[in-house]
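A.B. asks: So the chains spell out like this:
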Amino acid sequence: MDQDEPRIETLLRQFQPRAPRALPLAAADSGHVAGGRDQRRTMRVGGWAGVAAAAAAAMFAANLRFTPMAGLAPETAGGPGLTLNDMRGLVDADPATLDRVLMEASKHVLPDVESPDSVLGRLAQP
Amino acid sequence: MSADDSSRAGIERLYEQHGRVLLAYACSFVHSVAEGEDIVHQVFARLLRGDVAITGLPLAYLCRAVRNTALNQRRSWQREAAFEEEARWLEAPAGMEESAIAIERGMSLLPTDQREVVILHVWGGLTFSEIADALSISANTAASRYRYALGKLREVLKPLGEM
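In order, the protein sequences belong to chains G and P.
Going by this note's numbering, the first sequence opens with residue 1, and the numbers climb by one from there.
Going by this note's numbering, the second sequence opens with residue 127, and the numbers climb by one from there.
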C-alpha cells in the first residue's frame with residue numbers, strides 16, 4: 001500500500017459532495033418527475049403556448065377591427081354587390097376602382113358634413 | 127431493505143443520508159450537476175411511487191440504480207459523457223477552494239471505473255466488498271482501481287503542495 005494513500009484519503013475527506021436540490025415530492029406523487037431539465041422544457045412549452053395564445057388574441061382583435069359595424073352588412077360596405085373581401089382585392093388590383101367605389105359608398109354610410117342641417121355641419125360652424 | 131426504508135419517510139431519509147454521494151456519483155456519468163440531480167431525482171421518484179423496491183444494501187442498490195439511469199439517460203441525450211471540470215460538485219472548507227477545484231479536475235481526468243470507486247469508497251463509505259457487489263466486479267478489482275486512482279490524484283495534487 002502506498003504510504004501516501006492515507007494522506008490523500010484524509011485530504012479528500014475534508015471535502016464533501018454538495019447536496020442535491022430538494023426532492024420534488026409533489027411531482028413524484030403525481031407520477032411525473034420533473035427534473036431540472038424537464039422543468040425547463042415544460043417552461044419553454046408553456047412560454048410558447050403563451051406566445052401562441054397572445055398571437056391568436058391579436059388576430060382575433062384585428063379581425064374584429066375589420067368587421068363592419070352592426071347594422072352594416074358586408075354587402076353594403078362598398079356599395080351594392082361589393083363585399084369587404086372584394087374591396088381588399090381591389091387594394092392591389094385596381095386602386096382607382098376602389099377609390100371610386102369608396103366615394104360612392106361614403107354617400108350612404110358616412111354623415112354628410114356639407115349639409116348645414118347635419119350635426120357635423122352645425123358643429124363645424126364657428 | 128427494511129420495512130422502514132420502503133415507507134415514504136424512509137425513502138426521504140435515504141435521500142437525506144445518501145443524496146450527496148449519489149449526486150457526486152451521478153455526475154460521473156453526465157455533463158453537469160443539474161443533469162446529475164435529475165438522475166438522482168428519477169431514481170427516488172420511482173421508489174416513492176412504489177415502481178421499484180430496494181434490495182440488499184440501500185446505498186449499493188441506489189448506486190446501481192443511479193448508474194443504470196444515467197447510462198440510459200446518456201443514450202437518450204445522445205451525448206458523450208465527460209466529467210466536466212466546470213461541474214462544481216464538491217463543497218470546500220473555507221480557504222480550500224483551490225484544492226477543491228484541483229480535486230474536481232483530478233477526478234475529471236480519471237477513467238469512469240476508477241472515479242466511481244473513489245466516490246463510493248471515500249464519500250459513500252462503502253467497503254471494497256460492498257463496491258464490488260454494487261458494481262458487479264470483484265473486491266480485488268475495486269481495490270486496485272482505487273489505488274490506481276489515488277496514484278493519479280496524487281500527481282494532480284502535488285503542484286498545490288497538498289501532497
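Worth flagging that the hints you see were computed from the coordinates, not collected in a lab.
No experiment lies behind these values; they were computed from the predicted model shown.
We put the CB at the ideal spot given by N, CA and C, even for glycine.
Just to be clear, a hint being listed does not mean it is correct.
[Unchecked claim] Now the in silico label distances, taken between C-beta atoms and shown as ranges:
#1 A56(G) with A135(P): 21 to 27 angstroms
#2 T238(P) with A54(G): 45 to 51 angstroms
#3 A58(G) with A220(P): 53 to 59 angstroms
#4 R172(P) with Q3(G): 39 to 45 angstroms
#5 T253(P) with Q14(G): 20 to 26 angstroms
A.B. asks: The structure should be examined with respect to each hint, and the outcome stated for every one.
C.D. replies: Hint-by-hint comparison with the structure:
no. : hint                                    : verdict
1   : A56(G) with A135(P): 21 to 27 angstroms : violated (47 angstroms)
2   : T238(P) with A54(G): 45 to 51 angstroms : holds (47 angstroms)
3   : A58(G) with A220(P): 53 to 59 angstroms : holds (55 angstroms)
4   : R172(P) with Q3(G): 39 to 45 angstroms  : holds (44 angstroms)
5   : T253(P) with Q14(G): 20 to 26 angstroms : holds (21 angstroms)
In summary, the structure is inconsistent with hint 1 from the numbered list given earlier, while agreeing with all the others.
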